[in-house]
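J.: One line per chain: the protein sequences are H and Y, in this order.
The first sequence begins at 101 in our numbering and counts up one residue at a time.
The second sequence begins at 361 in our numbering and counts up one residue at a time.
Read the hints as simulated data drawn from the structure, not as lab findings.
Glycine is no exception: its CB is placed at the ideal position from the N, C-alpha and C atoms.
Any given hint might turn out to be false.
Per label pair, the in silico range of CB-to-CB distance [what the hints assert, rightly or not]:
#1 M101(H) <-> H535(Y): 30 to 36 Å
#2 S685(Y) <-> P134(H): 34 to 40 Å
#3 S529(Y) <-> R163(H): 44 to 50 Å
#4 N108(H) <-> K509(Y): 50 to 56 Å
#5 T115(H) <-> L385(Y): 36 to 42 Å
#6 P680(Y) <-> P179(H): 16 to 22 Å
#7 S778(Y) <-> A158(H): 33 to 39 Å
#8 A172(H) <-> T765(Y): 49 to 55 Å
#9 S689(Y) <-> W164(H): 21 to 27 Å
#10 S529(Y) <-> A135(H): 49 to 55 Å
#11 E691(Y) <-> W164(H): 21 to 27 Å
#12 M568(Y) <-> M101(H): 45 to 51 Å
Rough simulated footprint, nothing fancy, chain Y against chain H, three-plus residues with beta-carbon under 8 Å [unchecked claim]:
#13 114-122
#14 143-152
#15 172-180
Here are the simulated SDA-like cross-link-like pairs (lysine to any residue), alpha carbons at most 25 Å apart as the crow flies [what the hints assert, rightly or not]:
#16 K575(Y) <-> T599(Y)
#17 K435(Y) <-> N174(H)
#18 K575(Y) <-> T173(H)
#19 K575(Y) <-> P147(H)
#20 K435(Y) <-> Y142(H)
#21 K374(Y) <-> S484(Y)
#22 K374(Y) <-> T428(Y)
#23 K575(Y) <-> A172(H)
#24 K509(Y) <-> E773(Y)
#25 K575(Y) <-> S133(H)
#26 K435(Y) <-> T173(H)
#27 K435(Y) <-> R126(H)
#28 K575(Y) <-> I612(Y)
#29 K400(Y) <-> L582(Y)
#30 K435(Y) <-> A172(H)
#31 K575(Y) <-> W164(H)
#32 K770(Y) <-> E458(Y)
#33 K509(Y) <-> D521(Y)
#34 K435(Y) <-> H567(Y)
#35 K648(Y) <-> R714(Y)
#36 K435(Y) <-> D178(H)
#37 K509(Y) <-> G487(Y)
#38 K435(Y) <-> S159(H)
#39 K435(Y) <-> Q715(Y)
#40 K575(Y) <-> G149(H)
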Amino acid sequence: MLLVPCPNCGPRNSTDLRYGGESHARPDPNTASPAEWRAYLYLRDNPAGWLRENWYCASGCRRWFSVERNTATNEFRDPPLPGDKRGGAA
Amino acid sequence: MRGNGRLGRKRPPKYSAAALAWKGLRGQSWPRVWRDCDLKRSYDAVVIGGGVHGLATAYYLARNHGMTDVAVLDKAYLGSGGSGRNTAIVRSNYLTPEGVAFYDRSVHLYEQMAVELNINVMFSQRGHLTLAHSDASLRTMHWRAEVNKLGGVNSSVIGPDEIKKECPSLDTSDHPRYPIQGALYHPPGGVVRHDAVVWGYARAADHMGVEMHQKTEVTDILCEGGDGPDGKGAGGRVTGVRTNRGDISTPIVINCTAGWASLISTMAGVRLPITTHPLQAAVTEPVKMFLPTVVVSGSLHVYVSQTDRGELVFGASVDPYANYSVRGSLEFTEGLAGHVLELMPGVSRMRILRQWSGLCDMTPDYSPVMGHTPVEGFLVDVGWGTYGFKAAPVSGEQIAEAAATGTTPKLIEAFALSRFDDGELVGEKGAASVGH
């Protein structure tokens, strides 16, 4: 059971949320080169360790947030507070 | 494992019923199947990953291209990753013409494998049913059947009555929440004993001179001339690998890992469109044979087959979030049990013996990433998601050709890493256990 720390709803079972993958800042579509845009769309760091990632609290507050999780141990660290705008979450 | 060096034999002792009886009656033991070698300082090619893909690649490098100065490196033991954790299903009823041609070649290689490698891989072509529970999925089954027929693959759509005839234990009534409306029936599909495939390739490669190095972890890939730090990255070329047992110089490095594909490729400065997700599987206690075919339901996220020992082997969909941990979860067993009972109410009293999980490298289009990369001499055979085992023979054959000749064989042109730059994704929605 993975408990994901939602900034608004507190710890929730991961099945209540939707996974949004790695959190990367979106390049500006007006100035990004095709290579940068494709890298943003497809390429992933996929580390075995700490990863900043996006979650969508689908059956709770219905907001996106970003949080750091260790992909090898499933620990979370530095959980966000309401209104936290870190990471690349839209 | 003892490091007793070369066994000094040229020809492998042939496995046969007569040899089994002879050795059994005389109480003789069997010789070691592959050697333990000292790690040399240089090889013509290094394969990272000692699973079915890596071993098949080494085997075909030696057999088809005469490259025998090859080392296969694995950080654990041969077949310790996905090769020993998959559910051993082989089929070729995919959705894209590229996928059908590719996996069909793999089924043919599996059909010849027992004779070619002189090992009983127990390939049982018992038929494969992909169930449809809605009009939309039935339409996709018709689509797949037509693509398969064009590719010369035996598949057809059958209705509930025929499904009941093929597989009487399935509930084809309209009682379940998602009644079975039809199925894609693929007679050449079946199951193989996956460990035997690993051992067969390892044994055959060993006898041609390929060296297998277990407990040898690659910690870095050495490059020169690239645009990144330490000469890594696009435009550079590979000069060797660094391992926990010392450096090796080699002009060709082939990444045949699953789960760690991104981490290994990053060592050469190549980023991949891959995220690692575990896939969980489970096996029940053994019972008498009652399930004659492999049964798959994409809508219910379950596939099941019965082993020759009588156990039911279940697989499901990949876990929804990226993860390198192979711990099982209770949500998985609960969900799996519910879905299986929906299909086969008769197994409600069966007990699950154990569950496990393996790492799947998922790509955005459910197709692998194969072939050359922007780093010269660094090839990838990765992104094998939930379909790696069934593709092992053909991947080994094609990647060996790519590595030995420096070209890209036609069968894997569509799976090149550059397809993400060109916007030519393959979109293989016939892949198992992916939500679609």
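J.: Determine for every hint whether it applies to the structure shown.
T.: Quick rundown of the hints versus the structure:
1. M101(H) <-> H535(Y): 30 to 36 Å: 32 Å Cβ-Cβ, so the 30 to 36 Å window holds.
2. S685(Y) <-> P134(H): 34 to 40 Å: holds (36 Å)
3. S529(Y) <-> R163(H): 44 to 50 Å: Holds - the Cβ-Cβ distance for S529(Y) and R163(H), about 46 Å, lies within 44 to 50 Å.
4. N108(H) <-> K509(Y): 50 to 56 Å: Taking Cβ atoms as reference, N108(H) and K509(Y) lie about 53 Å apart, which means the hint holds.
5. T115(H) <-> L385(Y): 36 to 42 Å: The hinted range 36 to 42 Å is violated for T115(H) and L385(Y), with Cβ atoms some 58 Å apart.
6. P680(Y) <-> P179(H): 16 to 22 Å: holds (20 Å)
7. S778(Y) <-> A158(H): 33 to 39 Å: At 35 Å between Cβs, range holds.
8. A172(H) <-> T765(Y): 49 to 55 Å: violated (38 Å)
9. S689(Y) <-> W164(H): 21 to 27 Å: Given a distance of about 24 Å, which is inside 21 to 27 Å, the answer is holds.
10. S529(Y) <-> A135(H): 49 to 55 Å: Since the Cβ atoms of S529(Y) and A135(H) sit about 53 Å apart, the hinted range of 49 to 55 Å holds.
11. E691(Y) <-> W164(H): 21 to 27 Å: holds (23 Å)
12. M568(Y) <-> M101(H): 45 to 51 Å: holds (49 Å)
13. 114-122: n = 6 at 8 Å, threshold three: holds.
14. 143-152: Contact hint for the stretch 143-152 of chain H vs chain Y: holds, 7 residues under 8 Å.
15. 172-180: Contact hint for the stretch 172-180 of chain H vs chain Y: holds, 3 residues under 8 Å.
16. K575(Y) <-> T599(Y): Roughly 22 Å separates the two Cα atoms, so the pair holds.
17. K435(Y) <-> N174(H): holds (23 Å)
18. K575(Y) <-> T173(H): Holds, because 23 Å separates the two Cα atoms, which is no more than 25 Å.
19. K575(Y) <-> P147(H): holds (22 Å)
20. K435(Y) <-> Y142(H): violated (28 Å)
21. K374(Y) <-> S484(Y): holds (22 Å)
22. K374(Y) <-> T428(Y): Judged against 25 Å, a Cα distance of about 21 Å means the pair holds.
23. K575(Y) <-> A172(H): holds (20 Å)
24. K509(Y) <-> E773(Y): This hinted pair holds, its Cα atoms lying about 22 Å apart.
25. K575(Y) <-> S133(H): violated (43 Å)
26. K435(Y) <-> T173(H): holds (20 Å)
27. K435(Y) <-> R126(H): violated (36 Å)
28. K575(Y) <-> I612(Y): Distance of about 21 Å is within 25 Å: holds.
29. K400(Y) <-> L582(Y): holds (16 Å)
30. K435(Y) <-> A172(H): Judged against 25 Å, a Cα distance of about 17 Å means the pair holds.
31. K575(Y) <-> W164(H): violated (42 Å)
32. K770(Y) <-> E458(Y): Roughly 10 Å between the alpha carbons, so the hint for K770(Y) and E458(Y) holds.
33. K509(Y) <-> D521(Y): OK: K509(Y) and D521(Y) at ~22 Å, within 25 Å.
34. K435(Y) <-> H567(Y): holds (22 Å)
35. K648(Y) <-> R714(Y): Given pair K648(Y), R714(Y) holds - Cα atoms ~19 Å apart, limit 25 Å.
36. K435(Y) <-> D178(H): violated (33 Å)
37. K509(Y) <-> G487(Y): holds (16 Å)
38. K435(Y) <-> S159(H): violated (42 Å)
39. K435(Y) <-> Q715(Y): holds (23 Å)
40. K575(Y) <-> G149(H): Holds, at roughly 22 Å.
Violation of the numbered hints given earlier is confined to hints 5, 8, 20, 25, 27, 31, 36, 38; the remaining hints are satisfied by the structure.
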